[in-house]
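Given only the sequences and the hints, what does the whole structure look like? Please build it.
Chains as they are written, first to last, in the working numbering: chain H, 9 to 149; chain Y, 9 to 149.
I should point out that these hints are in silico values taken from the structure, not numbers from a laboratory.
Quick caveat: nothing in here was measured; it's all calculated off a predicted structure.
Mixed in with the good hints there might be a few duds.
Note that the list lumps identical chains together, so a pair holds whenever it fits in one copy or between two copies.
For lysine-lysine, the following DSS-like pairs were computed, each having C-alpha atoms within a straight-line distance of at most 27 angstroms [unchecked claim]:
hint	residue 1	residue 2
1	LYS104	LYS82
2	LYS117	LYS148
3	LYS117	LYS53
4	LYS117	LYS140
5	LYS129	LYS110
6	LYS140	LYS129
7	LYS82	LYS110
8	LYS148	LYS104
9	LYS110	LYS53
10	LYS140	LYS104
There are 2 protein chains.
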Amino acid sequence: MEVTQCINFLLTRAQHSVLSYFRSRLDEYDVTPVQYGILSCLWCKDGQTATEIAQRICLDGSTITGILDRMENKGLLERQSDPNDRRAIRVVLSDKGRQLEKPLGEVVKASNQRVLDIFTKEEQELFVESLKRVADNISKW
Amino acid sequence: MEVTQCINFLLTRAQHSVLSYFRSRLDEYDVTPVQYGILSCLWCKDGQTATEIAQRICLDGSTITGILDRMENKGLLERQSDPNDRRAIRVVLSDKGRQLEKPLGEVVKASNQRVLDIFTKEEQELFVESLKRVADNISKW
DNA sequence: AACAAATTATTTGTATACAAAATTTTTGTT
DNA sequence: AACAAAAATTTTGTATACAAATAATTTGTT
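What follows is the structure in structure tokens.
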């Protein structure tokens, strides 16, 4: 079987294309796609712990550490220790991080539409549904 | 918009799931998914240059260097200098690399089927087609 | 032939990403 | 209270990945 017909290859290629498109659109805000994911998580509910954020966006706990480091250095957020559980840290948005909600929200919405524009409404739904089914199914194995 | 409804997030999550499944299946052969991609490329045509391989599997040239290093250390392949163009290197399979063709081919074929098993034949074709359309379309922008 | 431009591969720097181990703290059991 | 087990985060080590810069070589132009 040709490697280029392998489902892992096809998914990886599609994901890379979409990721770089999103990266290019987010670039002017000095935010990466995964950093947008964390911001988005915090816009929804500020002050979550690192573990909560990691679970929400399906990342390993140890991956979060470095990403939060870089976001803290850029002044997007702050780590605060949780008085009730000193193991935990609470991740809190800065003004800068909060103010990005509207512009980044618009950029991501537009990018999303642009990517899905090549499909009809029905195809879009089927495609999104299929991606969810693949991810959910494998995580059960 | 919820980050979990973002097409970039959905694609990334599906890709991660499939990638880790493939990784787990390839693990007993001490080969990673991208290393399988390079092997597969060479089984098809041995002695390709790093650039040819990179283009074939859609990787940046500078990414190839490290992957070939690790594969060379594991004795899967060898770098040979091209007498006709001393800038180029020819990547040549070792016996070990060649002998993996059959067992890895089978593992990947089975993994592929297992991932796609959740779909009907029609859904499979539409899904694969959609992934290609997404990747091809964005690379034109 | 001389030299600019292009090509091939590598190096350097940065960002994800995960696994395994380590650290600190909390929870549960005896 | 003592201590084992679990939980939250970080650290360390390894593997992708890309961008920009570099080095060596080849190609194209004058």
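Checked hints:
1. LYS104 with LYS82: within (9 angstroms within a copy, 47 angstroms between copies)
2. LYS117 with LYS148: Intra 30 angstroms, inter 21 angstroms, cutoff 27 angstroms: inter-copy only.
3. LYS117 with LYS53: within (19 angstroms within a copy, 43 angstroms between copies)
4. LYS117 with LYS140: both (19 angstroms within a copy, 22 angstroms between copies)
5. LYS129 with LYS110: within (26 angstroms within a copy, 42 angstroms between copies)
6. LYS140 with LYS129: This pair counts as both: shortest intra-copy Cα distance 17 angstroms, inter-copy 18 angstroms.
7. LYS82 with LYS110: Classified as within: same-chain Cα gap 19 angstroms, cross-chain 50 angstroms, threshold 27 angstroms.
8. LYS148 with LYS104: neither (39 angstroms within a copy, 34 angstroms between copies)
9. LYS110 with LYS53: within (15 angstroms within a copy, 51 angstroms between copies)
10. LYS140 with LYS104: neither (33 angstroms within a copy, 38 angstroms between copies)
Taken one by one, the earlier hints fail for this structure at numbers 8 and 10, listed in ascending order.
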